[in-house]
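**Student:** Protein chains in written order, with the working numbering: chain A, 253 to 489; chain B, 84 to 338.
Any given hint might turn out to be false.
From chain A, some residues computed to sit far from chain B (all C-beta separations above 12 Å) [unchecked claim]:
(1) GLY345
(2) GLN376
(3) GLY380
(4) GLU464
Listed next, the in silico DSS-like pairs over lysine-lysine satisfying Cα-Cα at most 30 Å (straight line) [stated by the list, open to error]:
(5) A:LYS382 - A:LYS322
(6) B:LYS245 - A:LYS322
(7) A:LYS336 - B:LYS172
(8) A:LYS421 - A:LYS315
(9) B:LYS297 - A:LYS336
(10) B:LYS245 - A:LYS418
(11) A:LYS446 - B:LYS245
(12) A:LYS271 - B:LYS228
(13) A:LYS315 - B:LYS245
(14) B:LYS245 - A:LYS271
(15) A:LYS340 - B:LYS297
No wet-lab data here; the hints were simulated from the structure. What you are looking at is a predicted structure, and each value in this text was computed from that prediction instead of being measured. For every residue, glycine included, the Cβ atom is placed at its ideal position computed from N, Cα and C.
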Amino acid sequence: MIEISNLAVEYESGETGEKVIAGLSLNLDRGDSLGIIGPNGCGKTTLLHTIAGLHSNYSGSLKLNTTEEKIALILQDIGLLPWKTIWKNATLGLDLGLQGDEGGVEDLLRELDLYSYKDSFPSQLSGGQKRKLGLARALAVDPEILLMDEPFVSLDEFTRESLQDKVLKLWQGRDLTMLLVTHDIEEVAFIGRKIAILSQAPASVKNYIENENMGTIEFRRSEEFYRVVKRIRQELP
Amino acid sequence: MRNDLIRYGISFTIMLLLWWLASITVDFILSGPQSSILPNPVSAFSTLFSHWGIIWPNFVRSASRLVISLVAAIFVGATVGLVVGFEEKVSRFVSPILYLVYPVPKIVFLPVILILFGLGDLSRIIFIFLVAVFQVTISARDAAKNISPQWVKAVRSSGGSKLQIYRHVVIPGTLPSVLSSARISIGLGIAALYLAELSYTNQGLGSYIENSWKVFAYSDVFAGILAFATLGLGLYLVIEILERTLCRWNYIDQS
Numbered sequence: 253m254i255e256i257s258n259l260a261v262e263y264e265s266g267e268t269g270e271k272v273i274a275g276l277s278l279n280l281d282r283g284d285s286l287g288i289i290g291p292n293g294c295g296k297t298t299l300l301h302t303i304a305g306l307h308s309n310y311s312g313s314l315k316l317n318t319t320e321e322k323i324a325l326i327l328q329d330i331g332l333l334p335w336k337t338i339w340k341n342a343t344l345g346l347d348l349g350l351q352g353d354e355g356g357v358e359d360l361l362r363e364l365d366l367y368s369y370k371d372s373f374p375s376q377l378s379g380g381q382k383r384k385l386g387l388a389r390a391l392a393v394d395p396e397i398l399l400m401d402e403p404f405v406s407l408d409e410f411t412r413e414s415l416q417d418k419v420l421k422l423w424q425g426r427d428l429t430m431l432l433v434t435h436d437i438e439e440v441a442f443i444g445r446k447i448a449i450l451s452q453a454p455a456s457v458k459n460y461i462e463n464e465n466m467g468t469i470e471f472r473r474s475e476e477f478y479r480v481v482k483r484i485r486q487e488l489p
Numbered sequence: 084m085r086n087d088l089i090r091y092g093i094s095f096t097i098m099l100l101l102w103w104l105a106s107i108t109v110d111f112i113l114s115g116p117q118s119s120i121l122p123n124p125v126s127a128f129s130t131l132f133s134h135w136g137i138i139w140p141n142f143v144r145s146a147s148r149l150v151i152s153l154v155a156a157i158f159v160g161a162t163v164g165l166v167v168g169f170e171e172k173v174s175r176f177v178s179p180i181l182y183l184v185y186p187v188p189k190i191v192f193l194p195v196i197l198i199l200f201g202l203g204d205l206s207r208i209i210f211i212f213l214v215a216v217f218q219v220t221i222s223a224r225d226a227a228k229n230i231s232p233q234w235v236k237a238v239r240s241s242g243g244s245k246l247q248i249y250r251h252v253v254i255p256g257t258l259p260s261v262l263s264s265a266r267i268s269i270g271l272g273i274a275a276l277y278l279a280e281l282s283y284t285n286q287g288l289g290s291y292i293e294n295s296w297k298v299f300a301y302s303d304v305f306a307g308i309l310a311f312a313t314l315g316l317g318l319y320l321v322i323e324i325l326e327r328t329l330c331r332w333n334y335i336d337q338s
């Protein structure tokens with residue numbers, strides 16, 4: 253589904269040709285989930301934006317067996333449009349001409365407990381609700397690849413875990429390939445079936461960890477979860 | 084809405100009282116025919132009503148000159164400002180021109196405009212347009228510069244085209260600033276309208292006030308000023324209504 257080999261990306265505003273990603277390769281099967289973790293400023297966001305098609309200036313090979321319309325990105329600060337209602341924000345992709353149906357969006361909003369707010373504006377939502385809306389907007393276009401950039405950052409522990417559970421549940425119910433970028437070790441251990449550990453900038457994949465047994469909510473309380481967390485901690489640069 | 088009416092009522096009453104006080108003071112200090120140079124509100128309002136038949140056509144003439152110029156200035160100013168503010172490359176060329184022309188008092192161009200476009204309404208409309216347009220352009224440009232890149236990315240990552248970015252992000256995101264600059268243009272526009280109506284015309288509130296000054300008809304002068312104020316108030320209300328319907332999201336905390 254995703255085959256990246258020898259990817260190199262330069263800083264967007266850099267004039268010196270300084271690279272933010274260099275020689276990065278990774279593979280991901282269809283329907284799988286990959287958690288990417290690495291130090292601050294190592295190029296995680298740039299990697300997601302490049303896959304999403306926001307950077308055209310890269311070298312190396314980037315193969316995604318899908319069309320650009322079927323890739324959805326949740327931005328780090330979500331990027332909700334303050335002048336659009338919750339409903340209009342959730343259906344933004346459809347308004348822009350992407351495929352998807354309004355009934356599906358309605359179901360999504362109900363599932364994320366947002367439907368009763370559909371005529372409100374983003375400024376009326378809590379931090380967790382805004383994150384959920386970002387998730388709803390991304391899934392509204394029925395994507396094949398979901399890219400998430402720190403989707404649960406700056407939330408309290410309870411909200412974060414309940415949102416992680418929701419994401420997991422939504423992922424299991426559809427044919428969705430998921431890429432999560434974060435610097436939260438427990439998050440990556442809970443959501444990534446494969447975990448890629450990135451080096452300092454310019455980013456490349458330093459190591460992979462297989463995390464076969466993830467995928468259940470009970471996993472978070474298991475011994476194995478803590479073993480994975482410990483292993484990531486040891487591998488981080 | 085009812086609270087708004089009460090607040091407007093209180094402000095209006097205070098203003099009338101101050102006006103009355105000023106009128107009595109002037110009357111007391113000055114003597115002779117000059118003592119009536121600041122008539123009291125009752126005499127101004129009664130002249131406004133009794134001379135309504137004369138004032139109304141002038142009001143309509145002034146209002147149409149002002150509205151046409153302001154609508155054109157807001158439309159052109161907002162369009163140019165948005166593009167200049169949002170497109171870095173355009174900004175590099177156009178911003179210096181804006182900085183160069185904006186501070187020049189547009190009244191210096193009035194003779195040129197009168198010669199090029201004649202002594203009719205077109206010249207007056209172009210003059211008021213010039214006074215208002217730069218201010219709207221610069222407000223719109225600054226607002227477009229401050230559009231969050233995240234909003235643009237949200238539309239672009241869903242495959243949005245340039246036109247769709249304008250439609251879904253740039254235009255709604257800058258609308259509050261554009262409307263606020265429209266409000267400022269009303270004041271500027273009325274000042275320019277008065278100047279433009281001082282000469283070569285016998286129609287319009289500016290000309291009505293000027294002619295009343297000449298014959299020492301002070302209560303007519305103030306009736307004309309009240310008509311100007313009414314025109315301004317009407318336009319402010321229009322902007323207010325537009326703002327509350329088009330920028331509802333900005334009024335969330337108040338509702």
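**Student:** Decide, hint by hint, whether the structure agrees.
**Tutor:** Consistency of the hints with the structure:
no. : hint                : verdict
1   : GLY345              : violated (4 Å)
2   : GLN376              : violated (6 Å)
3   : GLY380              : holds (18 Å)
4   : GLU464              : holds (31 Å)
5   : A:LYS382 - A:LYS322 : holds (22 Å)
6   : B:LYS245 - A:LYS322 : holds (20 Å)
7   : A:LYS336 - B:LYS172 : holds (29 Å)
8   : A:LYS421 - A:LYS315 : holds (27 Å)
9   : B:LYS297 - A:LYS336 : violated (55 Å)
10  : B:LYS245 - A:LYS418 : violated (34 Å)
11  : A:LYS446 - B:LYS245 : violated (37 Å)
12  : A:LYS271 - B:LYS228 : holds (27 Å)
13  : A:LYS315 - B:LYS245 : holds (26 Å)
14  : B:LYS245 - A:LYS271 : holds (28 Å)
15  : A:LYS340 - B:LYS297 : violated (60 Å)
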